[in-house]
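Asks: Can you make the complete structure from the sequences, with help from the hints?
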Amino acid sequence: MEYRKFDNVIVARIDKDEEISEQLRVIAIKENIKLASVQALGAINDFTVGVYKTDEKKYYSNSFQGYYEITSLTGTINTMDGEYYAHLHMSAGNQKGEVFGGHLNRAIVSATCELVITVIDGRVDRVHDEETGLNIFKFN
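Following the numbering used here, the numbering of the sequence shown begins with 79 at its first residue and continues without gaps.
Please note: incorrect hints may appear among the correct ones.
Claimed, not checked - Cut-off 30 Å, straight-line C-alpha distance, at most; resulting in silico cross-link-like pairs (BS3-like, lysine-lysine): (1) 83 <-> 108; (2) 136 <-> 216; (3) 112 <-> 83; (4) 112 <-> 94; (5) 136 <-> 112; (6) 108 <-> 94; (7) 131 <-> 174; (8) 112 <-> 131; (9) 216 <-> 135; (10) 131 <-> 216; (11) 174 <-> 94; (12) 108 <-> 216; (13) 112 <-> 216; (14) 83 <-> 94; (15) 112 <-> 135; (16) 83 <-> 216.
The hints are simulated quantities; they were obtained by calculation from the structure and are not laboratory data.
Replies: Next comes the structure, spelled out in structure tokens:
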């Protein structure tokens, strides 16, 4: 992975065999990012995404292996209890044009991933919400 910072924007290249969420975490901690928006595209060959069932308050994950192009990866970086927290969603398409997606658990790069982080001057923490079972934005 390699990246450059331009004012409040960080542009990164995540390389073959690297996991996207792990590399995002490395950048965010190194750059002390407390609030940002994230977007990416690229090629992956092994990923897990999930869907949250609100009535059960539980995530169900699906894993995929093969040739996939990220059609969309979007999310946020912020904090929970003052520590790094990322919330990412991804969709990826196969050679037939079938697209699968959901809450991103992990994604291994097969060729390259182009990641753009827009740092926001501010801070938004998260708090666990008992009603939904999710960690939601907490505005101070």
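Asks: A separate judgement is required for each hint: does it hold in the structure or not?
Replies: Against the structure, the hints come out as follows:
{"no.": "1", "hint": "83 <-> 108", "in the structure": "12 Å, holds"}
{"no.": "2", "hint": "136 <-> 216", "in the structure": "21 Å, holds"}
{"no.": "3", "hint": "112 <-> 83", "in the structure": "15 Å, holds"}
{"no.": "4", "hint": "112 <-> 94", "in the structure": "27 Å, holds"}
{"no.": "5", "hint": "136 <-> 112", "in the structure": "27 Å, holds"}
{"no.": "6", "hint": "108 <-> 94", "in the structure": "21 Å, holds"}
{"no.": "7", "hint": "131 <-> 174", "in the structure": "28 Å, holds"}
{"no.": "8", "hint": "112 <-> 131", "in the structure": "28 Å, holds"}
{"no.": "9", "hint": "216 <-> 135", "in the structure": "19 Å, holds"}
{"no.": "10", "hint": "131 <-> 216", "in the structure": "22 Å, holds"}
{"no.": "11", "hint": "174 <-> 94", "in the structure": "23 Å, holds"}
{"no.": "12", "hint": "108 <-> 216", "in the structure": "24 Å, holds"}
{"no.": "13", "hint": "112 <-> 216", "in the structure": "13 Å, holds"}
{"no.": "14", "hint": "83 <-> 94", "in the structure": "21 Å, holds"}
{"no.": "15", "hint": "112 <-> 135", "in the structure": "27 Å, holds"}
{"no.": "16", "hint": "83 <-> 216", "in the structure": "28 Å, holds"}
Checked against the numbered hints above, the structure violates none of them.
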